[in-house]
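Colleague: Taken in sequence, the protein lines are chains A and B.
Its first residue numbered 124, the first sequence is counted upward by one per residue in our numbering.
Its first residue numbered 300, the second sequence is counted upward by one per residue in our numbering.
Rather than coming from a laboratory, the hints here were simulated on the basis of the structure.
One or more of the hints may lead you astray.
Stated by the list, open to error - Simulated pairs of lysine to any residue, SDA-like, Cα-Cα distance not exceeding 20 Å:
1) A/Lys280 / B/Lys336
2) B/Lys322 / A/Met397
3) B/Lys302 / A/Lys401
4) A/Lys401 / B/Lys351
5) A/Lys260 / B/Lys336
6) B/Lys343 / A/Arg398
7) A/Lys396 / B/Lys351
Listed here are the chains, written in short residue letters.
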Amino acid sequence: MASLSVYELVHYLKLKLENDKQIHNCVVKGEISNFHRHNSGHWYFSLKDEKARIACVMFKSYALKLKDSFKDGDQVLVKATVSIFENSGSLQLYVSDMKLDGLGDLFMRFELLRQKLFKLGLFNEEHKKIKPAYPEKVAVVTGDKSAALSDIKTMFKKRWPFAKYEVYPCLVQGEGASQDIIKTLNKIDSIGYDAIVLARGGGSIEDLWAFNDEELAYTIYNLKTFLITGIGHEQDFTIADFVADLRAPTPTGAIEVLTPDIFDVKTRVSDLKMRLKKAIHLKIELNLLRYDKLLNRPLFLEKNYLINQKIQYLDYLISKLLHFRVKLLQNSEKIKYLRNNIRKASMQQCDKLSLDLKNKKDGLYDIAIKKIKDEKIRLDHLIELLKAYDIDHILAKGFALVYRNDEIVKEDMLKADEELKLRFRQSAWSIKTIAKEK
Amino acid sequence: MMKFEEKMNRLEEIVKMLENNEKDLDESLKLFEEGLKLSEDLDKQLQTYEEKINELTKNNE
């Protein structure tokens, strides 16, 4: 088999393409990516859709004719010829005309998803987990054998060789990449690590599209493990960056942010050690001071301090006791005095009461006697009246009574030669007895 | 076995307690002993890695 030189092959292909009428001056629809205006005035960019991409060049002479300005993400229609740049063997579109065809579709989708998830609160600060200060077990999710991975390894060695990191190679672009990342993250989360690094080197928006997946966003949101992203370059933002606990601009940056510098940590440890020693010395010194202060207390300085104090206290107690005894005696005197007083007073009271009783008794007797006397007088009077009534009765019959002075004289009381009074009912007569007749 | 971060946190906690004079002498001494051991552990771990780095950089030169 005859061999071809590389040039012969590439040149053959170039001619084949240029002579293909089907694609000569064709119109291609796609999205601008990696747009670059070279100093020479030529434009270099890629044209892409979700499934393919092709490098484009637009020479200064054509570019100057265009009125619109273009940038990454612009959806455009280009008029171009397909050819090969022989020096690099790369297939290129030589663009002669270009116009905008609406807003770049991927940018639109990115923006819509970003806004949706933002409103749902997936990016809220309160959901962000705290970065471990000294991560020891780290999972690295990135492209297998990628430049990003070797940067990450270097950075770990340089800053924090302490970390035991495990690499989980993943598809990081193209079909199935998002699903692969999701599966890997869930697996890592179930194993348990101090932190996850999700990294990918720079690329176009299409290259990074796997990180703008909605399901991936929810997966990251639901992780129990702290996750830091380092995707693309400084200016690249993906949905994964927004939902991550922390976003670093690049893979290298992610390790720089995640890990402490071993030399700083060393300094910190020796500083803590110094403070530890200083603190304990101070503590001991303070205790010594306290001890010295105690030694200077009279308890230790004066002999018999404790005994003296006790003796003093005893003296005090004795004096109290004596005082109490005096008081006791005073009180018993007082009690005696009061008892006498009470006795005296009660006796006086008794005497007074018995005298009173006697007086009352005597009074009662007098009253009774008087009463009896009065009654007797009344009775006598009544008797007199009764007698008088009897006499009147006799007188009324014409008889007379004989009186000596005012006393009625009975027969045996009469004497001879005596002046008497003779009383009739109507009149009285003075008479004189002569003698008793025989 | 305590993690590096746990050791660092414990060491910081001990230093703070001692500096704030929170504990009595006995306990302070115990804490000091623990803290010293931690700081030496950490030192040793870091030393190992530092040596390793130096070795690696030497090999790369």
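Colleague: None of the hints should be skipped; say for each whether it holds.
Modeller: Hints and how they fare:
no., hint, verdict
1, A/Lys280 / B/Lys336, "violated, 26 Å"
2, B/Lys322 / A/Met397, "holds, 19 Å"
3, B/Lys302 / A/Lys401, "violated, 26 Å"
4, A/Lys401 / B/Lys351, "violated, 31 Å"
5, A/Lys260 / B/Lys336, "violated, 23 Å"
6, B/Lys343 / A/Arg398, "holds, 18 Å"
7, A/Lys396 / B/Lys351, "violated, 23 Å"
Going down the numbered hints, you'll see the structure goes against 1, 3, 4, 5, 7, while the others check out.
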